Amino acid sequence: MIIHDFECVIGIEVHAQLKTKTKLFCSCPTTFEAGDNENTCPVCMGMPGVLPVFNKEVLNFAIKTGLALNCELDSASVFARKNYFYPDLPKGYQISQYEKPICKEGYVDIVLADGEHKRIRIERAHLEEDAGKSTHHGNYSLVNYNRSSMPLLEIVSGPDMRSPAEAAAYVKSLRSILQFIEVCDGNLEEGSMRADCNISIRKQGDTGLGTKVELKNLNSFRFIEKALTFEFERQVDAAMSGETIIQETRLYDKDKNKTYSMRSKEDAHDYRYFPEPDVLTLTFEEALVDKIKKDLPELPLATAKRFVSDYGIPEYDAVVLTQSKALALYYESAIADTKNAKAVSNWIMTELLRELNDAKKSIEESPISAKQLAKMVELVDAGTISGKMAKDVFAEMWKTSKDPEQIIDEKGMKQVSDEDALLKIIEEVKAANPKQLEEFKSGKDKLFGFFVGQCMKASKGQANPSVLNKLLKANL
Amino acid sequence: MNLETAKISEIVNSVQSNKISAAEVMQFFLQRARQWQDKTNAIITFNPEAEAQAAKLDAAIAKGEQVGPLAGIPVVVKDLLCTKNLKTTAGSKILDNFVPPYSSTVVERLENAGAIVLGKANLDEFAMGSSNETSYYGNVKNPWSLEHVPGGSSGGSAAAAAARMAPLAIGTDTGGSIRQPASFCNVVGLKPTYGRVSRYGIVAYASSLDQAGPMANYIEDVALALEVIGGKDPRDMTSANQAVPQFSNIQKEVKGLKIGLPKEYFGEALSSEVRSICEESIAKLKSAGAEFVDVEIPHLDYTIATYYIIATSEASSNLARYDGVRYGHRSEDAKTLEDLYCNTRAEGFGEEVKRRIMLGTYSLSSGYYDAYYLKACKVRRLLQNDFLKAFEKVDLLLSPVTTSAAFKVGERISDPLEMYLNDIYTTSTNLAGLPGMSVPAGFSSAGLPIGVQLTAPHFAEDRLFQVGKVIQDMQNVADRRPQ
Amino acid sequence: MIDKDKVLHIAKLARLHLNEQEASQYAKQLSDVLGYIDKLNQADTQGVEPMVTASPIETVYRADEPKMDLGVEEKIKNAPETSGHLIKVPPVVS
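Going down the list, the sequences are from chains A, B and C.
What the first sequence shows, in the working numbering, is residues 35 to 510, in sequence order.
What the second sequence shows, in the working numbering, is residues 19 to 501, in sequence order.
What the third sequence shows, in the working numbering, is residues 32 to 125, in sequence order.
Bear in mind the hints are in silico, worked out from the structure with no lab data behind them.
On a predicted model such as this, the values are computed, not experimentally measured, just so you know.
Don't take each hint at face value.
Said to hold, decoys possible - With a straight-line cut-off of 27 Å between C-alpha atoms, the simulated DSSO-like cross-links for lysine-lysine are:
1) C:59 - B:111
2) A:292 - A:250
3) B:105 - C:98
4) C:59 - A:167
5) C:98 - B:250
6) A:478 - C:98
7) A:55 - B:250
In isolation and in its complexed conformation, chain A is listed as follows (with noise of 0.2 Å):
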């Protein structure tokens, strides 16, 4: 993507909490619902003499992310303090590794929406733990440490996106990889995955980096796009009058659709990282990663290939179909039941992902199950509805969740295509329209439409258009 002349360079660090069943360095349970401060110990409210313990879970699900997204593994990463004062964080630093993550140098291969292949690199991938979470109430603020001490995996990207489009499905495909491995629910909205986006312009054909803006509190796939767009602009329309970029942290307002410059802090920071004494070095055996790796599902760009060699259907539709895994195996477990492997993408692509977005539903929380769709999509193959009558079938579905023969029973929907029946109905509408029918054997071929329609009606939509049609220039 270009703007006069400039071309923009996008960096993504990803923050994905892993989904394990205690925090990182305490027993605490991470379940999402749990009342104030409920969710806590001494050790994630930072009490004195309390020591962080590492969850041997949470190493087997950053060996398993290194692996899916093709990093180099360290194992003898180390742990580091990051200095700060916040009441949100408890000790007065975060536990967070630095010098030595446990994952670094690999990639991440996207497809674009115009079928463009994209190989991203990946710098690192490191683990630290999540501060609580304050909310502010004009002359005090609330602190609440349920979410103190979470896993996360920070993914950090290179700096190797040039569209606020690739920024969005790179961060869609690792938010793939990462259900599919089941590491992290990837929920953007809820917090479990959070995307902060670096980024810089640069004149076309200048290889240097620009001074880079960071974007936080995107918590949509649009917002992503949209803010990386606006920001974009804004850069393009400095640079043009002559503006100096300052760095600097900016939030997206989804309501004006602006970036805003966060109050820029009094110093500049000074983190004073330092090795953490606590917690020794995070070693492991090559043996836990020969496992690890064994066990590896198959990740979604692999099962998207499978899907266009085994059912014919486009690269890109294989792409988005493998968006996350339940979506996946949603389509899978639907053309078990039938032959028709590219009508169900279609349904899929067109219909059902539109009313899930706009309900703001899940894949597992479709009203209509993969089986339902299956029989759907072969009733229209059978001839038995059309392709018409199969659009209101699938609303019928979607608010009632029936089985798509019992609402064509209950709605005696079945497509006629018995000839004498059809027949019948075409010498009655001849018969109630004899003007047109002498308009139209006159000449006027315009009015074939119309005796179509009128059969259509009279046959309450029933009719199977092909036969009808068959028929209709037989015999008018």
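Given chain A's structure and the hints, the job is docking chains B and C onto it.
Structure of chains B and C alone, referenced to chain A:
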């Protein structure tokens, strides 16, 4: 049985066999503690439940229940160790009102073994000091001479053990905080190997150096206490998965044992009185069949510089949590968040603590990290290598604990650097992660105690007890009590 | 080697309010101490790996099994100010 000189095992046996009740033991020590408290200020908080807990133990014994190896033993615990539902201050105003909802592992293990917390010992604020003059709760006086310091930072624990306010005390040692006051007060003080004893629930000063350990009148008691408090704790990643041997079964012979004398410890700074007491111990150990070998710790000269960078860097971070948000002191003058932090911490921390936070913040800050913190971590390795090399030749080391006996109250407090230099012989043990022990070995002409220091390889505390016992038996000062 | 301005900067990082007199005093004392510490420069540390943990301790991890011992009241009972079960502080955003 004379409770003033009885060893812990004797008291426990008597309690278990109903010769004396735990309640009577507690009464004896509580009475002594109250007497000496007025003179020494060794205790910050007495445990109001102590007598009730002793009675409960008696009831259990009466019912024939199994009791632990420290049944009925009153213990004074440094007020750096959290005690569930009993105020824990770290000697600081900032924790003046803090009542932990949890106990440190050390306290839990002591209690499970039947010990009863008599009180919480005074200390230098956050264990930062070598004279017990930085406590918010007033300085502790040396029971042997009230004009002298008891040493620090475990000064309250040392004074309590010396004055027999309890037969067992627990201290912590980051750069000598158990061994130096033990030496100043005529008690045995052990700093275990880093990782031998869990740090869970002990207010952190410098995480990579801190280690809790027992202080008592007799080697046997210290060995027994280590058996109880030592061993892997799932709540502390830095506690080692090492078997805890039966330390109280002390090997009697020292014949053939090779003891190293690190020559850098016997330099010009050493006072003649301390030197002669070390020599006396060496002579006696020789007569018992030990062999002495000269060794070198060439990087000893860097130990103070290295220690103060590492300890204060870690401390500056460890003490960030005292911010007036979740517990402890909160400034009333706090309308903004910045005020809350800056005023709470300015009001809550004493001068020495602030000084160390400043030094540590500085050495970690941008532009100075490499020259200070990182450099110190490298020198630390060199220093440890010196020790490991020495241990290729010898089984353990013998050295002085301090250059001289206890100094006077107020004498050094105004000059921080001079105070820091006191720790020259003790800090390297912590930097190298080794176990070290101060054993009472004699008295100065002014009647002040002087100990000698033994240092062993990682996890070889048994050698400290083996050699310490010979010194204890031959120097014959363990039964002496201040009047 | 460490002046009052530097002391005040460090104090700000450490969130310690210092008055003028304290700042001057710390400037002098810290200069003394750092002057002494500069002897570290004489140590030859070329090629030496920095050391953090000085004991041979094998890493043991925790199993991913939830456990909670304390009720919420116990955990917030030491807080200077609360609202319900939340901790109350002066405004974070002013």
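**Request:** Find the hints from earlier in the document that the structure breaks and name them by number, from lowest to highest.
**Result:** 4, 6
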